[in-house]
Amino acid sequence: MTRSTKTSLLTTAFVLLLLVIDQASKIWVKTTMIEGEMHEITSWFKIYFVENEGMAYGITLGSKLLLTLFRLVAMGAGVYYLARLVRSARFSLGFCLTLGLVIAGGLGNVIDCLFYGEVFSASRGAVAQFVSWGQGYGTFLHGKVVDMLYFPLIETTYPTWSPFHAGEPFVFFSPIFNFADACISVGVALLLLCYRRTFAEALESLSTSRTAKDTPHTEE
Numbered sequence: 003m004t005r006s007t008k009t010s011l012l013t014t015a016f017v018l019l020l021l022v023i024d025q026a027s028k029i030w031v032k033t034t035m036i037e038g039e040m041h042e043i044t045s046w047f048k049i050y051f052v053e054n055e056g057m058a059y060g061i062t063l064g065s066k067l068l069l070t071l072f073r074l075v076a077m078g079a080g081v082y083y084l085a086r087l088v089r090s091a092r093f094s095l096g097f098c099l100t101l102g103l104v105i106a107g108g109l110g111n112v113i114d115c116l117f118y119g120e121v122f123s124a125s126r127g128a129v130a131q132f133v134s135w136g137q138g139y140g141t142f143l144h145g146k147v148v149d150m151l152y153f154p155l156i157e158t159t160y161p162t163w164s165p166f167h168a169g170e171p172f173v174f175f176s177p178i179f180n181f182a183d184a185c186i187s188v189g190v191a192l193l194l195l196c197y198r199r200t201f202a203e204a205l206e207s208l209s210t211s212r213t214a215k216d217t218p219h220t221e222e
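For the sequence shown, the residue numbers in this note's numbering are 3 to 222.
Everything labelled a hint here was simulated from the structure, so no lab data went into it.
Treat the hints with care, since some could be wrong.
[Unchecked claim] Here are the in silico distance ranges between beta carbons for each label pair:
| id | residue 1 | residue 2 | range |
| --- | --- | --- | --- |
| 1 | F72 | V173 | 27 to 33 Å |
| 2 | Y160 | L18 | 42 to 48 Å |
| 3 | G136 | S94 | 40 to 46 Å |
| 4 | I36 | E206 | 48 to 54 Å |
Glycine is no exception: its CB is placed at the ideal position from the N, C-alpha and C atoms.
Using the sequences provided together with the hints, build the complete structure.
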């Protein structure tokens, strides 16, 4: 087995494993909890079911349709370029797996946007159920992303002398996110901390190969 084949198989298996974990956790939450319901695991870790139409960590940007289409294009490009990098056999398995973290996270949330509106009933006021295609709470490309991981590490109040929000509640790390978001964040952090130069080389490699491909060859 060649190095590129081994790296390809391991990276593919890694991405698929992350997708299974992400979707299993989301389906479990959707089919056992009502939106807004919370289970306290510890004082600083809670399962808090919310749905959003935005990006990672509940951020909202533009229309739902445009966001989903952007995700599709971005993930399609990501999968394509990751496959090219793996086939080149120039980069380490660790680097490919790190890129796989980002790709898997993005794909995990894309799946929600594409299909959840079609195959799930609404989660507000009742536990969602699987339904026949087209009988769900939304339409194709308009599904909501399922979030459930909540880590309120510090819960306190702003001091009374604070010029902003004096006396109001304050929660350190209030975003609610999912496993896919965590994969993206960990992957990006690893790229910045451990593979910054390698990532730059990978981008240069792709750019160089594309330029070479687009440059016409002349016979002398």
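Taking the hints in turn, this is what the structure says about them:
1. F72 - V173: 27 to 33 Å: Hint holds: Cβ distance 30 Å, inside 27 to 33 Å.
2. Y160 - L18: 42 to 48 Å: Holds, since Y160 and L18 (Cβ atoms, about 45 Å apart) stay within the stated range.
3. G136 - S94: 40 to 46 Å: holds, 45 Å
4. I36 - E206: 48 to 54 Å: holds, 50 Å
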